[in-house]
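Input sequences plus hints: build the corresponding full structure.
2 protein chains.
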Amino acid sequence: MNAQTAQIETPEALIESLALTGRAAQRVLARMSDAEKTAALVAAAAALREAGAEILAANARDVVAGEANGLTKALLDRLALDPGRLAGIADAVEQVAHLADPVGQVIDASERPNGLRLSRVRVPIGLIGIIYESRPNVTADAAALCVRAGNAALLRGGSEAVHSNRAIHAALARGLASAGVPEGAVQLVPTQDRAAVGAMLTAAGLIDMIVPRGGKSLVARVQADARVPVLAHLDGICHTYLHSAADPAMAQALALNAKMRRTGICGAMETLLLDAQFPASQAVVGALLDSGCELRGDARARALDPRILPASANDWDTEYLDAILSVAVVDGLEAALAHIARHSSHHTDAIVTGDAAAAERFLNEVDSAIVMVNASTQFADGGEFGLGAEIGIATGRLHARGPVALEGLTTYKWQVRGSGQTRP
Amino acid sequence: MNAQTAQIETPEALIESLALTGRAAQRVLARMSDAEKTAALVAAAAALREAGAEILAANARDVVAGEANGLTKALLDRLALDPGRLAGIADAVEQVAHLADPVGQVIDASERPNGLRLSRVRVPIGLIGIIYESRPNVTADAAALCVRAGNAALLRGGSEAVHSNRAIHAALARGLASAGVPEGAVQLVPTQDRAAVGAMLTAAGLIDMIVPRGGKSLVARVQADARVPVLAHLDGICHTYLHSAADPAMAQALALNAKMRRTGICGAMETLLLDAQFPASQAVVGALLDSGCELRGDARARALDPRILPASANDWDTEYLDAILSVAVVDGLEAALAHIARHSSHHTDAIVTGDAAAAERFLNEVDSAIVMVNASTQFADGGEFGLGAEIGIATGRLHARGPVALEGLTTYKWQVRGSGQTRP
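Note that the protein sequences, when read in sequence, are chains A and B.
Using this note's numbering, the first residue of the first sequence is number 1, and each one after it goes up by one.
Using this note's numbering, the first residue of the second sequence is number 1, and each one after it goes up by one.
It is worth saying that the hints were derived from the structure and are not from the lab.
Just so you know, these numbers come straight off a predicted model, no measurement behind them.
Backbone N, C-alpha and C define an ideal beta-carbon position, used for all residues, glycine too.
A hint or two may mislead.
Stated by the list, open to error - Partial list, derived from the structure: chain A residues whose beta carbon lies under 8 Å from chain B: (1) 291; (2) 379; (3) 419.
What the hints assert, rightly or not - Cβ-Cβ distance ranges computed for the label pairs, FRET-style: (4) B:264 with A:91: 54 to 60 Å; (5) A:74 with B:360: 51 to 57 Å; (6) B:34 with A:28: 42 to 48 Å; (7) B:34 with A:244: 29 to 35 Å; (8) B:419 with A:183: 48 to 54 Å; (9) A:282 with B:180: 29 to 35 Å; (10) B:244 with A:95: 44 to 50 Å.
To be verified - If you want the footprint, here are the derived chain B segments under chain A, 3+ residues with CB under 8 Å: (11) 363–373; (12) 406–420.
Here is the structure:
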């Protein structure tokens, strides 16, 4: 048994070895210029395009295996690539290449009375662990965002996409290497042993941050077991409150869009709060029902339309991710704020109102990562926020909240420039 | 057994009950204006002054008990209050009262092509747990910083200061309550049972952040056991590198100040790196030895002065917090960077040089919370950085690094103002 075999005997030793390789590569990446990182990601995008045939062949193997293993149609759809989707993956990497580099940005600067000049400068976080499920595009997306901000990435994708992920990773790595990025900057965990995930989650001091990308059960496991900081949201129980002073047409359009545009995304509305004084509640619930949405209401909501089913206590805490919506009638702003404080997952909550004072109170008092006035909760997205991309949406309270893109993949250091000052 | 007795049967239930009370109070605090929070902290400072006799009497009980229990002289000194120290505690609270309120500050704002107006606005973090040792001043300092930024505080001080902490807390609470701050905003854990600390550390979702204040063993325990994010540094193994182009007089003054001004603080230099080409190494080590500092050197350093003891491998990773210094001779900037990368605790590291390119390279490549050029590492302090105070110095990579004051006790939310936009 040679030294290397001994080294990777346990999942912990494997992750330690990968992490040390990643950290060493990250120190090189941290010194690369904006232009060098852009060039490297452009090269990675080109390599993905060149490797199209092999990636699609690898993906076909995963799809065949998935069908044989009885994966659901939804999972197979997430897994399957075609030339159009693959082009989209390469284009996304190229877009990230051209985003502004956060590294080196000066957050603030000051000069002390003794002449010391202080500045806070953005630096990469270090090694980011990405744990994800069946979507092979995450391999490229997440790696590109990490590298753009000077971080190394350690990727652990789902076993159902193992061949796709390996092919995408190989192409990415070739492209990055051709532009001088060290090989360890983007690594794929080479085993599907689930114990490797556990080892990543507890690798404090080796992995600086974990980003889980996938369904609620994955995120819940990561949040429960991680000793490394996690950037994530568990669920998006998003509310839209139609205030008494809401414009009826706007309220109806926003409610329909917030629920029905795409029902499976985390920014989709899951609970509609109707002010008892809002005059057009009947029309809004009617339009939602007519659009094919199942409504589950409290007694007062059910009085608006006989098609509304009774809500159970659980409904107020349920993320349906489907064409189902819970509906409650509330007595004024105070009651709406109380309902949201009790049931929101602190992702995105919105008020529709023409009353500026009510709007400001809602914006200030709702304690969620994103609070909105007169807009669809489906705008909760890094691209829609002008960030160019997103590594995820965070509902934790520290570091970064809401859509997280490159800035959230950096931290800062204090630089102090003196001329010989000693402390009295 | 009534309901309340049942509720506090376990440490976990006690902490949950305190945390829920704190969180409810925090929601009120979060809505208080800048002026209201200032007034509340001014009232708290006044209450501390009014309660001087009771606080000193309580402190005397702790000191007598500490002497009986054989506390070291150093611990007794940290514990003991006198009218001057007490006035200092009240003055510090009043200073925090007048610091600028971070809550409501707009970090950045933008308008999207569709007319959505986005802003990121600072908000309090929530409930902060403070776990500390014998210094009773932390009770007032930490509570004041938390409240100033709209946070509730749950304080758990050392058992040797239990009477002092209760008296200080009672005065603070009276002052804050007189200005409308809810009682739960600042709470002292009412038991010295050590299991309560464990319950705080694992109270994810109830306590938003833990700040340990005390010696290395306390911080190490907190970091090892916490499931709640921790803001802290474990140790300060701070380096000063005297580059070949350092001004000899400046280098000597900085080395003496960085080590000997106060040897027990986390920003004190613990390792001196002498460039082999720096011409005044002998004078610098001579001055350090003459000032009463024990030097432990590698072979080349020992050749500079016979009084230098041999360093063991451990010395390069040791925070002495005493008049002891490890000294190594390095061959150029690259070797200095390598030594620091290997041994620094990422707290504060400094270069002394007249070469601007070497300085910039050091500032960029040393991966520590604070990097300095031509200044004493003892400046690593929130007050010296112009922050007005500090809750601590953080060497973690996320959220806040280096000296942390009010900004690090906030997070942000996204506020989105629309006019009916739906997502296409």
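Status of the hints after comparison with the structure:
no.	hint	result
1	291	13 Å, violated
2	379	5 Å, holds
3	419	6 Å, holds
4	B:264 with A:91: 54 to 60 Å	57 Å, holds
5	A:74 with B:360: 51 to 57 Å	53 Å, holds
6	B:34 with A:28: 42 to 48 Å	46 Å, holds
7	B:34 with A:244: 29 to 35 Å	31 Å, holds
8	B:419 with A:183: 48 to 54 Å	50 Å, holds
9	A:282 with B:180: 29 to 35 Å	43 Å, violated
10	B:244 with A:95: 44 to 50 Å	45 Å, holds
11	363–373	holds (count 10)
12	406–420	holds (count 10)
Hint compliance for this structure: hints 1 and 9 are broken, all remaining hints hold.
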